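**Q** Can you make the complete structure from the sequences, with help from the hints?
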Amino acid sequence: MKIETENRDDHQVTLTAELEADQLDQFMQRAARKISRESKIPGFRPGKAPFDVVKRLYGMEMIEKQAVELLVDDVYPKLLDEAKIDPSGPGTLQEIVSINPPKFVFLVPLTPEVHLGDYRAIREAYQPKPVTEEEVDQTLRNLQRRYATAEPVDRAAQSGDLVYLKINARFTQPLEGEDEELIKETPFQVIIGDENQSESDWPFPGFSEHLIGLAANNEKTITHTFSEDNPLENLANRTVDFRVFIQSVKSLALPELNDDFAQTLGEFESLAAVRKTIRKNLENAERMDCEEEYFDKLIDRIMADTTIKYPPHMLEEELEKYLRQVEKSLAQQKMDLDTYLKTRQLELEKYIAMEARPAAARNLERSLVLQELARLEDIKVDNQELKEAVGKRIGEMGEMLKKKEFRTERGMRNLTEMLTYDTASRMFYHNLMKRLKAIATDTLQTEEVRGESESSESKENAPKPNRAKKAAKPPAAAREAKAATSPKTAAAATKKTTKKTSVRQSADQEK
Numbered sequence: 004m005k006i007e008t009e010n011r012d013d014h015q016v017t018l019t020a021e022l023e024a025d026q027l028d029q030f031m032q033r034a035a036r037k038i039s040r041e042s043k044i045p046g047f048r049p050g051k052a053p054f055d056v057v058k059r060l061y062g063m064e065m066i067e068k069q070a071v072e073l074l075v076d077d078v079y080p081k082l083l084d085e086a087k088i089d090p091s092g093p094g095t096l097q098e099i100v101s102i103n104p105p106k107f108v109f110l111v112p113l114t115p116e117v118h119l120g121d122y123r124a125i126r127e128a129y130q131p132k133p134v135t136e137e138e139v140d141q142t143l144r145n146l147q148r149r150y151a152t153a154e155p156v157d158r159a160a161q162s163g164d165l166v167y168l169k170i171n172a173r174f175t176q177p178l179e180g181e182d183e184e185l186i187k188e189t190p191f192q193v194i195i196g197d198e199n200q201s202e203s204d205w206p207f208p209g210f211s212e213h214l215i216g217l218a219a220n221n222e223k224t225i226t227h228t229f230s231e232d233n234p235l236e237n238l239a240n241r242t243v244d245f246r247v248f249i250q251s252v253k254s255l256a257l258p259e260l261n262d263d264f265a266q267t268l269g270e271f272e273s274l275a276a277v278r279k280t281i282r283k284n285l286e287n288a289e290r291m292d293c294e295e296e297y298f299d300k301l302i303d304r305i306m307a308d309t310t311i312k313y314p315p316h317m318l319e320e321e322l323e324k325y326l327r328q329v330e331k332s333l334a335q336q337k338m339d340l341d342t343y344l345k346t347r348q349l350e351l352e353k354y355i356a357m358e359a360r361p362a363a364a365r366n367l368e369r370s371l372v373l374q375e376l377a378r379l380e381d382i383k384v385d386n387q388e389l390k391e392a393v394g395k396r397i398g399e400m401g402e403m404l405k406k407k408e409f410r411t412e413r414g415m416r417n418l419t420e421m422l423t424y425d426t427a428s429r430m431f432y433h434n435l436m437k438r439l440k441a442i443a444t445d446t447l448q449t450e451e452v453r454g455e456s457e458s459s460e461s462k463e464n465a466p467k468p469n470r471a472k473k474a475a476k477p478p479a480a481a482r483e484a485k486a487a488t489s490p491k492t493a494a495a496a497t498k499k500t501t502k503k504t505s506v507r508q509s510a511d512q513e514k
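So the sequence shown is numbered by this note's numbering: it starts at 4 and just counts up by one.
There may be inaccurate statements among the hints.
Below, in silico cross-link-like pairs of lysine to aspartate or glutamate (DMTMM-like), each with a Cα-Cα straight-line distance of 20 Å or less [said to hold, decoys possible]:
| id | residue 1 | residue 2 |
| --- | --- | --- |
| 1 | Lys279 | Asp262 |
| 2 | Lys68 | Glu127 |
| 3 | Lys283 | Glu137 |
| 4 | Lys300 | Glu127 |
| 5 | Lys437 | Glu289 |
| 6 | Lys283 | Asp140 |
| 7 | Lys132 | Glu289 |
| 8 | Lys132 | Glu21 |
| 9 | Lys81 | Glu7 |
| 10 | Lys283 | Glu272 |
| 11 | Lys345 | Glu184 |
Pairwise CB distance ranges, derived in the manner of DEER restraints [said to hold, decoys possible]:
| id | residue 1 | residue 2 | range |
| --- | --- | --- | --- |
| 12 | Asp84 | Glu286 | 55 to 65 Å |
| 13 | Pro45 | Arg11 | 48 to 58 Å |
| 14 | Ser230 | Lys283 | 44 to 54 Å |
| 15 | Glu319 | Arg378 | 22 to 32 Å |
| 16 | Ala275 | Glu116 | 49 to 59 Å |
| 17 | Ala239 | Thr446 | 40 to 50 Å |
| 18 | Gln192 | Thr226 | 17 to 27 Å |
| 19 | Ala124 | Ala239 | 46 to 56 Å |
| 20 | Ala239 | Gly120 | 33 to 43 Å |
| 21 | Glu212 | Tyr129 | 31 to 41 Å |
| 22 | Leu178 | Ala124 | 43 to 53 Å |
| 23 | Leu178 | Ala275 | 52 to 62 Å |
Quick caveat, the hints were computed from the structure, so don't treat them as lab data. The model shown is predicted, which means the values in this text are computed figures rather than measured ones. Ideal Cβ placement from N, Cα and C applies to all residues, glycine included.
**A** So this is what it looks like as structure tokens:
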């Protein structure tokens, strides 16, 4: 067997293999038996018809075609071993140069190569912004407003009032084939000038200010042009007419901020205890914000000094995944990809070339860098910690476990497997980010000593016999250290949850 390889610029290799002539003869016989087994040949049991009979009925070309398929399936893995090629996916048969002797040309995608720079020399300060007393006061005022008593008033709305309304919305200039109606007769309530509103509030920041001066049964049309960087891209740079009908106006009687008010919120003895919980929540939210930005910046710096090579099929697979995620996100907004592209006046090919493919390439390269970092830093997930974390999540599901799909052994097993995979991914990503942060802040040695100390303490307190914990690497997708646990997704989800956690929920957590 003669083998020649030629490396290509796209991280693939052309492999040319010439085999001995008698090798094909063996597979010709096997091909004839296969055809005989899968066909009904009169007078013969399946697979027992002689070679000449099969040849007469189906032709030599058919036998040769089957023989080549069998031969390729058999010798291809051996060719890779002999050529010392580590493929990243299935190769393709590019050309059959000759049948006698058998000579084939394969195109084989290579395993990605990631050459990191001196990432351990990178220093990036971690400096979360301290929570101020003013922020605590603001949050407490927002909470006070939410517990206010609403009283109907027979006057025009003022700042601080609670307004009940119905809202309709239409595009001022709908695109071809687009439904001009954006919102249809939707009930809505809003506190005018609510200080808790953020840039993402619906339908747009500052909307409530337009309601000042309107009384019950009044109508008004509010025209708003969304910014170019609007989170909902189908609204970017679009102008919308919002028609509102005021149903009622109520003034808010605010409760006094004192210990009595604190005790109505849950297991709090005093207003000071409420303030303490608020501060803790704000600090958690700030930490999530800071870490999201910190890790994005840190990973970007690592990637800037990294050389990455991968074959085309990996980017195509990542592109398909990216487009599926886009379609899923659009479906949640009751929109399909074609409509979305029409709102942006983009052709699919241009969208893929300008946005989807570059985004998919970044996702892929980021994933490969994180995998390599995890390999070099020997990041693992502890089996016992994983088991305990999964058990805790199952215990927190409560009423959900009573659903029909979880009552069977199979349903519970599927749920446990799903939670184990998700939890392993999150823990793996957390461990990796913790290590990178320790390296970049030059506290790695301190972290390692602390880890060894905690490990020793755990062993001393463990029941006898004292067996060392086994460490397990997470499943393949978890090793990618992304998906649901990417910095933006995981941090944003936690941040959103933290910021919306009520004081009453916080009290339960502290108990």
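**Q** Decide, hint by hint, whether the structure agrees.
**A** Cross-check of the supplied hints:
1. Distance hint between Lys279 and Asp262 is fulfilled; the C-alpha atoms sit about 13 Å from each other, no more than 20 Å.
2. For the suggested pair Lys68 and Glu127, the alpha carbons sit about 61 Å apart, so the restraint of at most 20 Å is broken.
3. In summary, the hint linking Lys283 to Glu137 is supported, as the alpha carbons are separated by about 14 Å, within the 20 Å threshold.
4. Only pairs whose Cα atoms come within 20 Å are accepted, and Lys300 paired with Glu127 is accepted, the gap being roughly 9 Å.
5. Only pairs whose Cα atoms come within 20 Å are accepted, and Lys437 paired with Glu289 is accepted, the gap being roughly 17 Å.
6. For the proposed pair Lys283 and Asp140, the alpha carbon gap of about 13 Å is at most 20 Å, so the pair holds.
7. Restraint check for Lys132 and Glu289: the C-alpha separation of about 7 Å stays at or below 20 Å, so the hint holds.
8. Our distance criterion of 20 Å between C-alpha atoms is broken by Lys132 and Glu21, whose separation comes to about 66 Å.
9. With a CA separation close to 14 Å, the supplied pair Lys81 and Glu7 stays within the 20 Å bound.
10. For the suggested pair Lys283 and Glu272, the alpha carbons sit about 17 Å apart, so the restraint of at most 20 Å is met.
11. Distance restraint check for Lys345 and Glu184: the Cα-Cα separation of roughly 16 Å lies within the 20 Å cut-off, and the hinted pair is therefore satisfied.
12. Separated by about 56 Å at the C-beta atoms, Asp84 and Glu286 satisfy the suggested range of 55 to 65 Å.
13. Between Pro45 and Arg11 the CB atoms are about 51 Å apart, so this pair conforms to the stated range of 48 to 58 Å.
14. In this structure the hint that Ser230 and Lys283 lie 44 to 54 Å apart at CB is violated, the actual value being about 34 Å.
15. Between Glu319 and Arg378 the beta carbons are some 24 Å apart, a value that agrees with the proposed interval 22 to 32 Å.
16. A beta carbon spacing of about 58 Å between Ala275 and Glu116 agrees with the range 49 to 59 Å that was offered as a hint.
17. At about 42 Å, the beta-carbon gap between Ala239 and Thr446 stays in the expected band of 40 to 50 Å.
18. For Gln192 and Thr226, the hinted distance range of 17 to 27 Å is satisfied, since their beta carbons lie about 22 Å from each other.
19. Roughly 40 Å separates the CB atoms of Ala124 and Ala239, a value that falls outside the hinted 46 to 56 Å.
20. Range check, Ala239 to Gly120: about 37 Å between beta-carbon atoms, so the 33 to 43 Å window is met.
21. A hinted range of 31 to 41 Å holds for the C-beta pair Glu212 and Tyr129, which are about 38 Å apart.
22. For the pair Leu178 and Ala124, the supplied restraint of 43 to 53 Å holds, since their beta-carbon distance comes to about 51 Å.
23. The given range of 52 to 62 Å is respected by Leu178 and Ala275, whose C-beta atoms sit roughly 56 Å from each other.
The structure fails hints 2, 8, 14 and 19 (numbered hints given earlier, in ascending order).
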